[in-house]
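Trainee: I would like the entire structure built from these sequences, with the hints used as guidance.
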Amino acid sequence: VGLLAESLAASSGKVVAAPPREAAKDMAEIGKALATAFEQKRPDAVLVQTFGGGAFLLSASTKELLDVAKEPLLAVMGGKGGGNAGRFQGKGADAGKVAEAVAAAAAALGG
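Following my numbering, the numbering of the sequence shown begins with 1 at its first residue and continues without gaps.
Just so you know, not all the hints are guaranteed correct.
[What the hints assert, rightly or not] Simulated crosslink set (SDA-like; lysine to any residue; CA at most 25 angstroms straight-line):
1) Lys41 with Asp94
2) Lys25 with Ser12
3) Lys80 with Gly90
4) Lys70 with Gln40
5) Lys70 with Gly90
6) Lys32 with Gly96
7) Lys41 with Gly53
8) Lys97 with Glu29
[Claimed, not checked] Label-pair ranges, simulated between beta-carbon atoms:
9) Lys80 with Ala10: 13 to 23 angstroms
10) Val68 with Gln40: 30 to 40 angstroms
11) Gly110 with Glu22: 12 to 22 angstroms
12) Gly83 with Ala23: 16 to 26 angstroms
13) Gly110 with Lys25: 33 to 43 angstroms
14) Gly81 with Glu22: 11 to 21 angstroms
15) Gly96 with Ala28: 13 to 23 angstroms
16) Gly110 with Ala23: 33 to 43 angstroms
17) Leu4 with Ala99: 15 to 25 angstroms
For the record, the hints were derived by calculation from the structure and aren't laboratory data.
Positions of the beta carbon are idealized from the N, C-alpha and C atoms, including for glycine.
Mentor: See below:
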């Protein structure tokens, strides 16, 4: 998880997508660990993770940053869910549209 977090943190942009994972059960352990590690390295960015079955996890170091990026991400991915304190998880009918969702969220964040 640490090496992946470092690699993702080196990515440019205010919204970064992690490689998709096949198992939705990975969200509980791997997804949350990766989110925490990423937030420590990139407090200025939002991390988008997708899992099997249309599941996703959005995370940022602050609730305010996530709130700005969340709406365009959900709109593109057809997502619904819930969360608090910089984390939002749910499912989306179009969760595979990660690149388009990342672009829309980045535009909302001004970059």
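Trainee: A separate judgement is required for each hint: does it hold in the structure or not?
Mentor: Results of checking the hints against the structure:
{"no.": "1", "hint": "Lys41 with Asp94", "result": "29 angstroms, violated"}
{"no.": "2", "hint": "Lys25 with Ser12", "result": "28 angstroms, violated"}
{"no.": "3", "hint": "Lys80 with Gly90", "result": "6 angstroms, holds"}
{"no.": "4", "hint": "Lys70 with Gln40", "result": "20 angstroms, holds"}
{"no.": "5", "hint": "Lys70 with Gly90", "result": "12 angstroms, holds"}
{"no.": "6", "hint": "Lys32 with Gly96", "result": "20 angstroms, holds"}
{"no.": "7", "hint": "Lys41 with Gly53", "result": "29 angstroms, violated"}
{"no.": "8", "hint": "Lys97 with Glu29", "result": "24 angstroms, holds"}
{"no.": "9", "hint": "Lys80 with Ala10: 13 to 23 angstroms", "result": "32 angstroms, violated"}
{"no.": "10", "hint": "Val68 with Gln40: 30 to 40 angstroms", "result": "20 angstroms, violated"}
{"no.": "11", "hint": "Gly110 with Glu22: 12 to 22 angstroms", "result": "33 angstroms, violated"}
{"no.": "12", "hint": "Gly83 with Ala23: 16 to 26 angstroms", "result": "20 angstroms, holds"}
{"no.": "13", "hint": "Gly110 with Lys25: 33 to 43 angstroms", "result": "35 angstroms, holds"}
{"no.": "14", "hint": "Gly81 with Glu22: 11 to 21 angstroms", "result": "19 angstroms, holds"}
{"no.": "15", "hint": "Gly96 with Ala28: 13 to 23 angstroms", "result": "21 angstroms, holds"}
{"no.": "16", "hint": "Gly110 with Ala23: 33 to 43 angstroms", "result": "34 angstroms, holds"}
{"no.": "17", "hint": "Leu4 with Ala99: 15 to 25 angstroms", "result": "19 angstroms, holds"}
Hint check: violations occur at hints 1, 2, 7, 9, 10 and 11; the rest are consistent with the structure.
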